[in-house]
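Asks: First to last, the sequence lines map onto chains A and B. Quick note: the first sequence uses our numbering, first residue 53, plus one each step. Quick note: the second sequence uses our numbering, first residue -9, plus one each step.
Read the hints as simulated data drawn from the structure, not as lab findings. Virtual Cβ for every residue (Gly too), placed ideally from N, Cα, C. Keep in mind that the hints are not guaranteed to be accurate.
As the list claims (entries may be wrong) - Non-contacting residues of chain A with respect to chain B, defined by C-beta distances greater than 12 angstroms in every case (computed):
id, residue
1, Thr80
2, Tyr116
3, Arg151
4, Gly186
As the list claims (entries may be wrong) - Quick partial rundown of chain A residues pointing at chain B, CB under 7 angstroms, derived from the structure:
id, residue
5, Leu84
6, Arg85
7, Leu87
8, Val96
9, Phe102
10, Phe131
11, Tyr189
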Amino acid sequence: MRHDLYEIVRDVVRYVGLDLNALQTTDTGDGLRLLFPCSALEPVRVVDTFVLGLSTRLCEHRRYVADTARIRMRLAFGFGQVEPDRHGLTGEPLVRVARLVEAASLRAALLDDDRVDLAAVVSDGLFDTVVRHGHGYLRPSCFREIQVTVKEFTARAWQLVPDAGGICGRHCAVAA
Amino acid sequence: MDTRRPSAARRPAPQRGTLQTNRRTSPAMTRRGQPASVQGTGGDLSTVVLTDVSGSAQRDQPLPASDAP
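All chains should be modelled from the sequences, with the hints used to inform the complete structure.
Replies: Right, dumping it as structure tokens:
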């Protein structure tokens, strides 16, 4: 599973001309955390690339692996200042995405519909700064407002509507 | 022989076609299309992406050595 995860993410990153090995990545055990400095890739392209790219790659992956090897994924985006410290990296966005990806609403999106491969959420700051203005492929209407409460963390965020634009697996399930 | 560096005014202008800028190229790419390091120097404004596998029966498979972070 981990090998497939790396290959899927590597393909998504390669699509925008970047090399996964050249990025700041952290293996979280069940996933990956990636950092994209604004100078490397605009935030709006990061959101588009990962939502659309992962949707496509997870759909393809499902077609050629057994059901037991299928990968379903939660995805969280944050934006802000990240700084190095003696233990690695530190910054509010890192904590925020760690909480957002645990949102009950994301888990529910996967539990409620077995056809969905990807559940994604965007932080409120990133949504307001980037997504809301509609410069990307994903329109603001592709997201719905949610309230995320995990541990002591409570914040507004924006969850991708599962069938927004025909992505996130539903069309794949119909075609399969 | 005069070994001093020429001043900016006397420095020869670059020949046409030798400029190394390419506006269509992402700043994360080198001239030959090879990905440059985009890890940043710290303190950068960045987009953070966190993926988490929510379901797979094979999640405990070991990671290939070449993919180790």
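Asks: Run every hint past the structure and note whether it holds.
Replies: How the hints compare with the structure:
1. Thr80: Given a closest Cβ separation of 7 angstroms, the condition is violated.
2. Tyr116: Fine: 14 angstroms to the nearest Cβ keeps Tyr116/A off the interface.
3. Arg151: 10 angstroms, violated
4. Gly186: 17 angstroms, holds
5. Leu84: This interface hint holds because 5 angstroms falls under the 7 angstroms limit.
6. Arg85: 5 angstroms, holds
7. Leu87: With a minimum Cβ separation of about 5 angstroms from chain B (threshold 7 angstroms), the hint on Leu87/A holds.
8. Val96: 9 angstroms, violated
9. Phe102: 6 angstroms, holds
10. Phe131: Since chain B brings a Cβ to about 5 angstroms from Phe131/A, closer than 7 angstroms, the hint holds.
11. Tyr189: 16 angstroms, violated
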